[in-house]
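Chemist: Read off the chains here:
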Amino acid sequence: MSLFRIENLTYRYGDNTAPALDIPHLVIEEGGIVCLTGANGSGKSTLLSLLAGLLRPTSGRIHYRGDDLTGGPRNLLERMRLDMGVCLQSPYLFRTTVEKNVAFGLTARGVQGVKKTRRTESALRDVGLVDFGKRPYHALSGGEIQRVALARALALDPRVLLLDEPMANVDAATRLLLERILEKLIRTRGITIIISTHDVDQALRLGRHIITLHEGHVVESGLENIFHGSVRKARDGWYFDTGLCRFFVPHQKEDARTAIIPPETILLSLDPMETSARNVLRGKVTGIRMRSGSVEVAVRAGEEFRSRITETSLERLGLRLGMDLYLLIKAEAVRLY
Amino acid sequence: MEYLLTAITDAFGLILSLDPEVFTITLLSLRVAGTATVLAAVTGIPLAYLVATRDFRGKSALITVFNTLMALPTVVVGLFCYSFLSRKGPLGFLDLLFTPSGIILGDIILAFPLIVGLTIAAVNAVDPRARITAMSLGASPRLVSLTILIEARFGLMAALFNGFGRVVAEVGSAMMLGGNIRGYTRTITTAIALETSKGEFALGMALGIILLTLALMVNFTFRRLQMTSQR
Amino acid sequence: MARKPVAALLTVFSMVLTAGVPASAAAQDRLKLSSTTSTDNTGLLVYLLPKFEEQTGIRVDVIAVGTGKALKLAENGDVDVTLVHAPSSEKRFMDAGFGVNHRTIMANYFVIVGPEKDPAGVKAADSAEVAFKGIAESGSPFVSRGDNSGTHIKEQSIWKAVLGVLPTGKSWYLESGKGMGETLTIADEKMGYTLSDSGTFMKYSDKVEVKTLFVKPSELLYNPYGIMAVNPEKQPHVNYDGAMKLISFMASVEGQRMIGEFTDKFGNRLFTPLADKN
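Protein chains in written order, with our numbering: chain A, 2 to 338; chain B, 96 to 326; chain C, 7 to 284.
Please note: incorrect hints may appear among the correct ones.
[Claimed, not checked] Sample of chain B residues facing chain C (criterion: CB under 10 angstroms; computed from the structure):
| hint | residue |
| --- | --- |
| 1 | Pro185 |
| 2 | Phe188 |
| 3 | Asp190 |
| 4 | Tyr279 |
| 5 | Ser292 |
| 6 | Phe296 |
Hints were generated in silico from the structure; no laboratory data involved.
None of these values were measured; they are calculated from a predicted model.
All C-beta atoms, glycine included, are put in the ideal place defined by N, C-alpha and C.
Chain A extracted, bound-state conformation (with noise of 0.2 angstroms):
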């Protein structure tokens, strides 16, 4: 059974304006970290909030664990929420001590006494945080009221850790540790953390899977090859051009500001081949990334351009950083937005 299937799902702020979220199909399993990336605004909180149960659909439909979440009973909704330990980009603490932001939701649980000390006390040491306890809201810094907010969703024990932006305004060295935290909770839980992140290396280094955003769709593929730019029409066709290359594109929407090609998409060939794609670009290589099951590349052609390949196409090529080769893409599998 999956965590969460997510259906025709669409979410809009307000009456009349184009939808923040519009995911037809979207299927996260349980177990392991999942990131969420994208640019900002691109609707990496909207989602993590329908997913909290935060915020409800406009129309579709999201299923936990098997359950209709938004066409059940309310208090299917409000069960759900104990299964999960949120922490909101930019977190708020209660007016109050570290002790009782941590063991708020162990309140709202009904765990009482002992019980709710030892959990709030192992919640903090997870966090690296055993003598902040008594420590007032006011008097910590924002890796300590990350920290701090991490630990308040922890004590809960969630079966799903949904966590927005955990990074985003702590240092690097908080960084690391928030990291270290997160794969560890993975190792001796087994729990489920999804995570929003606009930063790749961070989505690629820490997910399991990678969800990519883009304006409120979801990019199939974890890797970015997203250009901005605009298209302009050439005796030829149409083409996209971003300002460093150019490369042509269906026949689509002539006021798209977005490209995004797929990394599948992308042929790696070491000579300029007479093929059926129209798009042959000359490029270096500039990573070679080996991941499970697939080998990433990055091409530097104008644009840095990513392509995933197999292990024996890898061997097949020969392929090595700052090697010349062809980029072979098809007109059709650019997509505009």
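Using the hints, position chains B and C against chain A.
Modeler: Frame of chain A, contents of chains B and C only:
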């Protein structure tokens, strides 16, 4: 000058000797103002919470009305209540006129808009993330509301103390609805008005000093509570 | 969070609530008497009523206001019995059927008080009218109660007799809108004249520098006090029985003796009993 000193000396004499009349009057004032404040708070705070947290037509008009009523002259409230509580009025059968309950009713009407207005402001001043955070941590709707009110506690305390301060110090409504009956509805303020009119400045001054002391105590308590809850 | 301050607050309030509750206040037989400031401020009622309460077990709540308001409260049925001093208003009240069993129980006199220097020559006047005329002609300040009280009504009737109209609006004519005591204080501050009932003035004589200038008992300055019950046919809820008991007590031999023996702290007798003269 000498006469002023005499009045003040006599005043302290009355206070220090625990004059039973002064004692009764003070207790009645506290009881009436305290009851009125509690009743106004018990009804006003939930109402203010609803007004502050819901969106509905006429919301800002309603808030304006409450803000205006905050400054309602006490005699107007007294007159208004009198016309209801008088035997000629619709509530005459309740027999509340010239009773402590009558004064309490007037005081509730005086304290209510103040408490509602200040509570609305206090709830609005709470960071909007507090609600989301409480919800995300699994708080029931009741706990969410309670959490927001606790977050707004400075403002709520200010509302309570201001409400109490207004009713304990008002004379217009207490005089009109209580009738200043000796040993029954005579409050500190109506007693001061009476003693002044009788030229008994010492007793009036003693009661004035008590009122001032009470006000100081209330404000010190308020400051203390604010400081404690800051932790 | 913040349990302690909240708990402290509740404790304070609950202490306040439970403190000093007059336990049997409602259960007791109570009687509401609206009266004038002059009877209350002189201390007469505080002196008389405990005796009545002891005899009958009825607790009397005194609401001391001006005569006009005292009668209005009785008319509205907000009190059970009323004791005032404005015969003309009392007559209107009785004629309209608002009251029953009117008894005139005591009297004193109105006196004209003013500064010792007496710029209006009130001392030398041989009647109240002449004295008032002197005040008007000299333009000396005159402080009127201006509150529709018995004293105010009396003062207005004298002005009407002297000037034909009320001196309202004249620069020397000040309306205090306050009780007798405060009006005397104002007259003292302004070095002006005022009309007072003799009882209140005697009670106040040590607190003000104005002196009694005109004390010639006359029909005009006669100040009788009347007590009457609210008509139970108009206001069925009133404590008519209690009201009748209070009236009987005031008019009784003992009540009248006590009124006659009532003195201020200087030993002045403030009221003359006269129930037997009715």
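Chemist: Which numbered hints does this structure break?
Modeler: 1
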